[in-house]
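Given next are the chains, with one letter for each unit.
Number of protein chains: 2
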Amino acid sequence: MPSGITSRPAVLLDLDGTLTDSVYQHAIAWCKALELAGISLSVWRIHRRIGMSGGLLAESLARETGHELTEHEAAKLRQDHARLFAAQLADVRPLPGAKDLMHHLTKMQVPWAIATSGALASAAPLLKLVAVPSGVPIITRDDVEHAKPSPDLWLAGAARLGVPAESAIAVGDSVWDLLAARRARALGVGVLSGGYGQEELERAGAYRVYEDPADLLLHIDELGIRAG
Amino acid sequence: MPSGITSRPAVLLDLDGTLTDSVYQHAIAWCKALELAGISLSVWRIHRRIGMSGGLLAESLARETGHELTEHEAAKLRQDHARLFAAQLADVRPLPGAKDLMHHLTKMQVPWAIATSGALASAAPLLKLVAVPSGVPIITRDDVEHAKPSPDLWLAGAARLGVPAESAIAVGDSVWDLLAARRARALGVGVLSGGYGQEELERAGAYRVYEDPADLLLHIDELGIRAG
Chain W
1 MPSGITSRPA VLLDLDGTLT DSVYQHAIAW CKALELAGIS LSVWRIHRRI
51 GMSGGLLAES LARETGHELT EHEAAKLRQD HARLFAAQLA DVRPLPGAKD
101 LMHHLTKMQV PWAIATSGAL ASAAPLLKLV AVPSGVPIIT RDDVEHAKPS
151 PDLWLAGAAR LGVPAESAIA VGDSVWDLLA ARRARALGVG VLSGGYGQEE
201 LERAGAYRVY EDPADLLLHI DELGIRAG
Chain S
1 MPSGITSRPA VLLDLDGTLT DSVYQHAIAW CKALELAGIS LSVWRIHRRI
51 GMSGGLLAES LARETGHELT EHEAAKLRQD HARLFAAQLA DVRPLPGAKD
101 LMHHLTKMQV PWAIATSGAL ASAAPLLKLV AVPSGVPIIT RDDVEHAKPS
151 PDLWLAGAAR LGVPAESAIA VGDSVWDLLA ARRARALGVG VLSGGYGQEE
201 LERAGAYRVY EDPADLLLHI DELGIRAG
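Going down the list, the sequences are from chains W and S. Note that this note's numbering numbers the first sequence so that position 85 is 85, with each residue one more than the last. Note that this note's numbering numbers the second sequence so that position 128 is 128, with each residue one more than the last.
Isolated chain W, as found in the complex (with noise of 0.2 Å):
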């Protein structure tokens, strides 16, 4: 086999979307947000971009609305965005079968671990939500110089795990998730619980798309992950 590549898959897990459902509720949060910073947005543009890193997505939005943000409108835009996405928290949800996705991984000794675009403090409640086990290394925006769609996140949960990239599986709800698997040279499989269509995953080079985390853990065998 080439270097990296294993019969015993590593995986990686996106958070925001694939282990909790709270997409729908960050899309909210960013469109007000953007509105108090004088850009009007539709909410589905916004959803599209969701899972990138919130300074990718703020600069992409500005863009293509014309309004170029200051350093010190950018930060206030990601404030506004924690604080009203925070609003909304007693709302979010684990996903059907995250917590039995994480505690199945475990069980079976496979080497894990959750890589977010989202920073540690909006992430914090969320991994707290979904209860995961200690130990688990958790890869945040605040560990790696560039979030999703560029590969260093997934690229960090591999390290963390002393395993290479070739040799994990990476799962996410986003087009960001897989252009950056693909750029880590990881497998990306997609799951339908951040809201995108099944083509659009797969467009985005996703090896399957599974409804969510239950779905995936029902046919976790077809991805080749096996007990230790």
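Hints listed in this document are in silico derivations from the structure and should not be mistaken for laboratory results. If you're wondering where the values come from, they're calculated on a predicted model, not measured in any experiment. Take the hints with a grain of salt, since some may be wrong.
Any copy will do: because identical chains look the same in the list, a pair fits if it lies in one copy or spans two.
What the hints assert, rightly or not - Using 25 Å as the maximum straight-line C-alpha spacing, the simulated SDA-like pairs for lysine to any residue come out as follows:
#, residue 1, residue 2
1, 128, 39
2, 76, 205
3, 99, 129
4, 76, 7
5, 76, 88
6, 99, 66
Here the structure of chain W is known, so what remains is to put chain S in place on it, guided by the hints.
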């Protein structure tokens, strides 16, 4: 030409996700209302049902979760959704180009109407928000026996304009709009502004898919919509 086919099509417009940026708020309102009824469902599954009649949406989701609703529970669910959606009404905006598209159709003397799966009570503030010109026929859930994906709403819209449905272009953001258009033998045109993926709309039979009303207006000649 076969009966009904014309070189001067009428236009039937959906409301939520087609003229108003209200789909994400509807999805979250349904999610919370369903949870109050003891039904836990991920937001993306609800999002994929928006645009159906509320009754059908509740029934299909209840069937999916194995939780059959009594008539009393179903009525309470609809009331809770209406209340929770109304609470978010201040965040809802007209979609880009919605007003321009309506004015353009009126100016060109194209016969046009609005046909929505929503009840008049929840549609009324949205119709006001986009400032529908007076005299435009408005068909709501209350006017027909079955909402989309049944063809009734599009058929009623065409009837109110005094044209056969085969001569109409039916514009909507959801798979249900497009399936209903095929059943009505109208030409279905999709918009991405409700947050479905382009391929989902194409697979449901969209003749063309545009980003939002502004993008449709920019390409209106592709549809053969012309001045009277």
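How the hints compare with the structure:
no.: 1; hint: 128 to 39; result: between (32 Å within a copy, 23 Å between copies)
no.: 2; hint: 76 to 205; result: neither (34 Å within a copy, 43 Å between copies)
no.: 3; hint: 99 to 129; result: within (10 Å within a copy, 42 Å between copies)
no.: 4; hint: 76 to 7; result: neither (46 Å within a copy, 52 Å between copies)
no.: 5; hint: 76 to 88; result: both (19 Å within a copy, 23 Å between copies)
no.: 6; hint: 99 to 66; result: between (42 Å within a copy, 22 Å between copies)
Violated hints, in rising order: 2 and 4; the structure is consistent with all others.
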